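Chemist: The listed protein sequences correspond, in order, to chains G and V.
Its first residue numbered 0, the first sequence is counted upward by one per residue in numbering that gives the first Met the number 0.
Its first residue numbered 0, the second sequence is counted upward by one per residue in numbering that gives the first Met the number 0.
Worth flagging that the hints you see were computed from the coordinates, not collected in a lab.
Honestly, I wouldn't trust all of these hints.
[Stated by the list, open to error] Sample of chain V residues facing chain G (criterion: CB under 10 angstroms; computed from the structure):
1. Tyr43
2. Thr49
3. Tyr149
4. Tyr236
5. Val241
6. Glu246
7. Leu250
8. Thr284
Note that the structure is predicted; figures quoted are calculated from it, not measured.
We put the CB at the ideal spot given by N, CA and C, even for glycine.
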Amino acid sequence: MEGGGLARQNTLYIVLAALVIIIVLAGAYFLLAGRGGEMQEETTPAEATPTAGEAAPKEEAKVIEINVGLLVDETGPTSDVGKGYARGAEAAFKYFNEKGIYTKDGVRVKINYIKRDYAYNPTLAEEFYREFRDRYNVIAVVGWGTADTEKLSDQVARDKVVYISASYSAKLVVKPYNFFPAPDYSTQACSGLQWLATEYGAGKIALAYDHKVAYSRSPISAIKEAAKALGMEVVGDFDLPLRATEADAERIAREMKAADPDYVWCGNTISSCSLLARAMAKVGLDAVLLSNVWGFDERSPNLVGEEAYGMVAGISPFLYPMFASGVEAYNVIYEAASMAGVPKEEVTLRFVQGFLNVWLLVKAIEEVTSQDLLERKGEALKEVLESRTFDFGGITAAPLRFQEGWHVPYKTVFIVFLAEDGSLQLKGKFTAPEAIDCAKVTIEGG
Amino acid sequence: MPAGVFKETYEGDMAFIRYPIHKAALVLAVIAGLSAPLLLDTYYLNLAITALIFWVAVIGLNITVGLAGQISLAQAALMGVGAYTVAFAALKLGVNVVLALPLAGITAMIIGLVLSLPSFKLKEYYLAMASLAAQLLLEYAFSRIDPDQYTPIPPEAKRLASIDLNEPEALYYFTFIVAALMALAAGNIARSSYGRAMKAVRDNDVAASIVGVNVPLTKAIAFGIGGFYAGIAGGLYAIYSVGIGWEAFTLVNSIELLGMVLIGGPGRVVWGSLLGVLVLRTGWTLLESNLVPILAAMGFSAFASAIKYIVLGTLITVVIILEPEGLIAVLRRVKEYFRLWPYSY
Numbered sequence: 000m001e002g003g004g005l006a007r008q009n010t011l012y013i014v015l016a017a018l019v020i021i022i023v024l025a026g027a028y029f030l031l032a033g034r035g036g037e038m039q040e041e042t043t044p045a046e047a048t049p050t051a052g053e054a055a056p057k058e059e060a061k062v063i064e065i066n067v068g069l070l071v072d073e074t075g076p077t078s079d080v081g082k083g084y085a086r087g088a089e090a091a092f093k094y095f096n097e098k099g100i101y102t103k104d105g106v107r108v109k110i111n112y113i114k115r116d117y118a119y120n121p122t123l124a125e126e127f128y129r130e131f132r133d134r135y136n137v138i139a140v141v142g143w144g145t146a147d148t149e150k151l152s153d154q155v156a157r158d159k160v161v162y163i164s165a166s167y168s169a170k171l172v173v174k175p176y177n178f179f180p181a182p183d184y185s186t187q188a189c190s191g192l193q194w195l196a197t198e199y200g201a202g203k204i205a206l207a208y209d210h211k212v213a214y215s216r217s218p219i220s221a222i223k224e225a226a227k228a229l230g231m232e233v234v235g236d237f238d239l240p241l242r243a244t245e246a247d248a249e250r251i252a253r254e255m256k257a258a259d260p261d262y263v264w265c266g267n268t269i270s271s272c273s274l275l276a277r278a279m280a281k282v283g284l285d286a287v288l289l290s291n292v293w294g295f296d297e298r299s300p301n302l303v304g305e306e307a308y309g310m311v312a313g314i315s316p317f318l319y320p321m322f323a324s325g326v327e328a329y330n331v332i333y334e335a336a337s338m339a340g341v342p343k344e345e346v347t348l349r350f351v352q353g354f355l356n357v358w359l360l361v362k363a364i365e366e367v368t369s370q371d372l373l374e375r376k377g378e379a380l381k382e383v384l385e386s387r388t389f390d391f392g393g394i395t396a397a398p399l400r401f402q403e404g405w406h407v408p409y410k411t412v413f414i415v416f417l418a419e420d421g422s423l424q425l426k427g428k429f430t431a432p433e434a435i436d437c438a439k440v441t442i443e444g445g
Numbered sequence: 000m001p002a003g004v005f006k007e008t009y010e011g012d013m014a015f016i017r018y019p020i021h022k023a024a025l026v027l028a029v030i031a032g033l034s035a036p037l038l039l040d041t042y043y044l045n046l047a048i049t050a051l052i053f054w055v056a057v058i059g060l061n062i063t064v065g066l067a068g069q070i071s072l073a074q075a076a077l078m079g080v081g082a083y084t085v086a087f088a089a090l091k092l093g094v095n096v097v098l099a100l101p102l103a104g105i106t107a108m109i110i111g112l113v114l115s116l117p118s119f120k121l122k123e124y125y126l127a128m129a130s131l132a133a134q135l136l137l138e139y140a141f142s143r144i145d146p147d148q149y150t151p152i153p154p155e156a157k158r159l160a161s162i163d164l165n166e167p168e169a170l171y172y173f174t175f176i177v178a179a180l181m182a183l184a185a186g187n188i189a190r191s192s193y194g195r196a197m198k199a200v201r202d203n204d205v206a207a208s209i210v211g212v213n214v215p216l217t218k219a220i221a222f223g224i225g226g227f228y229a230g231i232a233g234g235l236y237a238i239y240s241v242g243i244g245w246e247a248f249t250l251v252n253s254i255e256l257l258g259m260v261l262i263g264g265p266g267r268v269v270w271g272s273l274l275g276v277l278v279l280r281t282g283w284t285l286l287e288s289n290l291v292p293i294l295a296a297m298g299f300s301a302f303a304s305a306i307k308y309i310v311l312g313t314l315i316t317v318v319i320i321l322e323p324e325g326l327i328a329v330l331r332r333v334k335e336y337f338r339l340w341p342y343s344y
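Using the sequences provided together with the hints, build the complete structure.
Modeler: Here it is, written out as structure tokens:
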């Protein structure tokens with residue numbers, strides 16, 4: 000073999016040997032790192048750290064460390080609302096850790112949160128959930144979407160992991176370990192229909208939502224039942240993609256115009272719903288567009304365009320920050336935002352939604368004893384969540400009261416209307432019609 | 000000619016285990032495989048299970064693409080066919096998932112055979128387009144039969160006699176056995192007359208036809224076998240999962256599987272496929288769970304989420320340019336070095 004060839008071969012082997020060493024070291028690191036996720040109670044730096052299940056003598060206990068998963072969508076089809084939610088949740092974790100979380104018996108708790116962006120892919124969500132559970136031994140997850148939360152709901156019940164989601168799907172209210180600080184989507188939508196009936200009277204309603212997305216589909220059967228109860232006529236289901244383009248929205252608006260509705264329900268997120276509002280104005284469809292909670296927020300006046308002013312409204316179980324002057328509880332959120340470097344004007348509905356989910360978890364932790372937190376973990380949190388009233392001082396439309404087997408904490412929502420001058424107006428609180436239990440309709444409808 | 004141990008007969012040269020180093024590697028692989036549940040915690044055991052599942056899928060694609068030279072961008076969709084077969088058999092008919100697994104393979108094989116039809120007339124880019132159409136069509140079908148974005152797999156359907164596949168250890172051994180059998184079969188297919196016919200079609204289909212190879216039949220067999228492997232892999236994935244959703248079987252997933260073939264070693268159906276899976280799936284998962292959060296914490300969230308595709312694209316490009324035979328070729332050189340040691344010149 001020639002000298003050059005031999006030298007080349009030797010160089011190759013050296014590179015390969017280096018690669019093998021790197022891989023082995025990396026593997027060893029990952030294996031070791033993977034075993035460090037137990038829930039811990041720190042005593043003093045010199046003392047041994049008992050893991051969950053090994054309760055240390057009380058007088059030595061100073062800080063309990065717990066792991067919580069944070070599953071968000073910052074890059075997927077719902078990232079238009081997911082980024083703000085993630086920001087609020089992270090700010091809350093940092094704020095409460097800084098301020099101090101104390102169990103009922105006065106032991107400080109530190110929450111280590113593990114954030115994963117699953118891009119609204121339920122398959123990826125399951126992978127991350129396994130990581131949360133098996134690698135970090137989380138006792139709770141602050142989650143996101145409907146499909147992934149519904150998919151994991153039975154598993155989290157088996158694992159006894161409390162799951163507080165940004166999905167308010169009615170199918171979750173009967174799942175023992177799933178919680179959210181809002182009425183379910185179906186109850187929200189029915190309350191929205193109640194507002195339409197009160198404000199404008201009975202009429203024809205068209206439903207625009209993504210037919211292959213669990214979140215968008217969630218309240219549809221309940222809306223149809225509620226419309227019937229309120230004397231409205233459903234004139235069609237229109238398949239508006241969650242990631243709609245202007246062309247999609249315009250096509251749907253034209254199809255809807257043929258059905259001549261008085262009202263339009265939009266069950267997607269804000270980008271899609273705003274495009275639909277624009278398209279409706281463009282094609283001359285003169286109907287009031289009512290959006291689900293994730294389909295309308297402070298950005299709507301800019302996104303829908305002036306032509307749609309006076310024709311768009313949104314549902315929200317939470318008071319928008321812009322309407323919160325004098326609401327004391329909001330100061331907590333502003334303080335947390337300030338600590339996280341978020342200016343007050345960037346504290347939006349989405350930020351509040353993320354913050355509240357973590358806040359609910361923190362409130363539950365504050366109601367358990369340190370021993371219960373260490374030994375019974377998620378089970379103890381679930382019991383507390385189901386046995387207390389959680390009051391967020393006016394941020395939510397009503398105080399929260401979960402019942403065992405039925406996690407609808409309240410039934411009231413705010414309606415926010417985009418007025419003709421482009422300002423957002425709080426129309427007040429509305430509740431679903433008494434005659435129909437919208438959450439049950441969705442659960443029974445499958 | 001380099002020094003070393005050389006075979007003097009055709010049978011010896013084509014034997015499954017030819018050299019002592021093969022024997023040693025096989026024994027080590029079996030020991031490592033069997034002892035994994037004793038050494039790994041649940042998180043890493045789950046990674047091992049998914050690696051084995053994807054190994055099966057990539058072996059199938061490697062037979063179609065690497066061995067027979069027929070481009071396919073629909074392997075993830077075929078996995079989906081297998082996964083939904085198991086899911087619906089378990090959910091709607093109450094069939095045990097283990098019993099539904101062969102059905103998953105057969106269903107996907109039939110779809111694979113249908114996908115082979117365009118290959119009788121089309122080649123290269125045009126064939127890629129046809130398989131792309133099939134992928135998108137199946138993807139659309141999945142999204143319509145599964146509008147809630149997930150189909151649950153009942154835990155009770157994962158229990159057979161005293162074996163509970165809800166337990167990671169049991170599932171690991173089950174997957175390990177299935178994957179090992181599938182790999183063994185694939186190794187033998189590659190050495191069989193069918194395998195040689197596939198190679199002939201891959202290298203020059205006109206010449207293959209002239210020497211008597213039934214080209215359409217060979218292509219159909221390659222697609223059928225590829226589909227069967229994808230179906231079994233999809234079925235295994237359904238058994239592994241709490242529920243399956245159509246987002247797991249999209250075009251991006253098909254491209255990832257193709258990337259695993261190209262990086263591991265096209266035509267090296269067993270070990271090349273394994274290498275591709277270890278680098279692109281398992282290796283990436285480990286990096287992702289450690290590197291991406293660090294990047295995100297440093298304020299590079301957008302970059303962190305895109306890094307997977309940057310790494311994937313770069314890796315495929317670099318490997319294709321520098322080592323078109325895949326990483327397995329590098330490994331083979333190392334193996335040859337030790338096989339011929341100390342007379343490797």
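Chemist: Evaluate each hint against the coordinates.
Modeler: A quick look at each hint next to the structure:
| no. | hint | in the structure |
| --- | --- | --- |
| 1 | Tyr43 | 6 angstroms, holds |
| 2 | Thr49 | 8 angstroms, holds |
| 3 | Tyr149 | 4 angstroms, holds |
| 4 | Tyr236 | 9 angstroms, holds |
| 5 | Val241 | 5 angstroms, holds |
| 6 | Glu246 | 5 angstroms, holds |
| 7 | Leu250 | 14 angstroms, violated |
| 8 | Thr284 | 8 angstroms, holds |
Going down the numbered hints, you'll see the structure goes against just number 7.
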